Amino acid sequence: MKQKLYATLDQAVADIPDGAQIMFGGFGGAGFPNNLIQALARKGTRNITAISNNCGTREGELGLMFKNNQIKHVIASFPGPHANYFQERFAAKEVTLELVPQGILCERMRAAGAGLQGFYTTVGVGTEVAEGKEERFLEGQRCILEMPIHADYALIKAHKADELGNLTYRLAARNFNPIMAMAAKTTIAEVEEIVPVGTINPEHVMTPAIFVHRLVQAKGLRYAG
Amino acid sequence: MPDDGIQERVTPAKPRLTREQIAQRTARELPNGGFVNLGWGIPNLIADYLPKEITVYFHSENGILGMGRRAKPGEEDFDQVDAMKIPVTLIPGASFFHQADAHLMSRGGHLDVAVLGGFQVSEKGDLSNWKIPGTKGSGGIGGAMDIAAGAQTLIVCMEHTTKDGVPKIVKQCTYPLTALACVDTIVTDLAVIDVKPEGLVLREVASGWTAEEVQELTGAPLIARQRIPEMSFA
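Protein sequences appear in the order of chains A and B.
Heads up, the first sequence is in our numbering, so the first residue is 228 and it goes up one at a time.
Heads up, the second sequence is in our numbering, so the first residue is 2 and it goes up one at a time.
There's no promise every hint is true.
[Stated by the list, open to error] Chain A regions said to be covered by chain B (calculated; three or more residues, Cβ under 8 Å):
1. 254 to 267
2. 303 to 310
3. 343 to 356
4. 400 to 413
5. 417 to 426
[Claimed, not checked] Label-pair restraints from in silico Cβ distances:
6. B:Ala95 with A:Asp242: 35 to 45 Å
7. B:Ile92 with A:Pro429: 53 to 63 Å
8. B:Met85 with A:Lys299: 22 to 32 Å
[To be verified] Cut-off 27 Å, straight-line C-alpha distance, at most; resulting in silico cross-link-like pairs (DSSO-like, lysine-lysine):
9. B:Lys137 with A:Lys320
10. A:Lys294 with A:Lys446
11. A:Lys360 with B:Lys132
12. B:Lys164 with B:Lys125
13. B:Lys15 with B:Lys164
14. B:Lys73 with A:Lys446
15. A:Lys294 with B:Lys137
16. A:Lys320 with B:Lys132
17. B:Lys86 with A:Lys446
18. B:Lys86 with A:Lys294
19. A:Lys387 with B:Lys86
Honestly, the hints are just simulated from the structure, not real lab data.
Every value quoted in this text rests on a predicted model; they were computed, and no experiment measured them.
Every residue gets a Cβ at the ideal spot worked out from N, C-alpha and C, and that includes glycine.
Bound-form chain A, shown alone (with noise of 0.2 Å):
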């Protein structure tokens, strides 16, 4: 058995190197890997291509990484209400934003990790969104060429993992975590409690061990607003 767990969460992170292209799970305050984030902030990478639903609760979520100007690009789908830190760099071209849907960001993570070199979907076409892409007649319909997302690392937040690092997640937290974990070379996730394998019911699993690569154990944090 490939050896998972990480004693601490900075070592989890030690060898993201300044540059790497990272996904963050996360969605609405819940399924956020804030402990791995802030240890990516302890850690000082920089240059880094974030890819994330949202930008940020104020200093909470990624909002932490875009007050140390850790990010330099980033692609979301909602940057959000709270995203004050990411708006200010932004607003200073210190920071540049691909936006994509929402749903359309799911599905190019998860060409990412399906081994598919992009799709044609409707969404997006005649919109700003269309700018640049190949555009066909598919099915009677316009659409659209959108191509896979790619992540050097995925910090993930789960609830609970085995050793061998199957994961569940508790209620609506799941939201990004499965599809970032299938795309990224090295899924790091961070879990409430870590569990002997053959104690998670398999039926149960929701994120297979496969796609898991390092586990840390920490205590959840939740920013309100």
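With chain A's structure known, arrange chain B on it following the hints.
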């Protein structure tokens, strides 16, 4: 008085529906047993006005089908939130899934009805609802483009005009687009309008308003086939 004989358009100072009344009227469009997504703004008020005899499975883009009412103080679980980050309850038959499946439900035609807010709707049913030109900041798309592209029936709830009286139903959208030819029905504080191949068909008008007065405040021609009934809430 200008001597060219053209009178200024004056918005009649008659009462219009409240946001809550728009939501209440729209609730009557939802099918019993249907899978329904409610967007930000007025649509988010609709669940409170669902007729008692009807069960609707509300869909949330973060991975919930079967959302119930909002959680009361003390029963919140912040891992169980809606798309606006607000803790919610579940109804019997609810399920959780990841975000790709949530949007697959929108895009793949599995939702019976989606209700979105709108900044502009064109006579062809084009929708603009994510960015107003000239506003500060990055804007954000969220799930609206996936929903607009795929819902079986798309209803837009909005005020009929801007605060300055400028029509929001137009011949051609001038704000950034969400999706082309996606809107089926528009419910406003003045009317219910269906988007049909032949154009915008006026179905109902708010109490005290005539079809002609609604037309005055609409930026595209309305088709009024017969005497137009009043919007009803029962």
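- Message: Hint compliance check: list the failing hint numbers for this structure, sorted ascending.
- Response: When the structure is compared with the hints, numbers 5 and 7 turn out to be violated.
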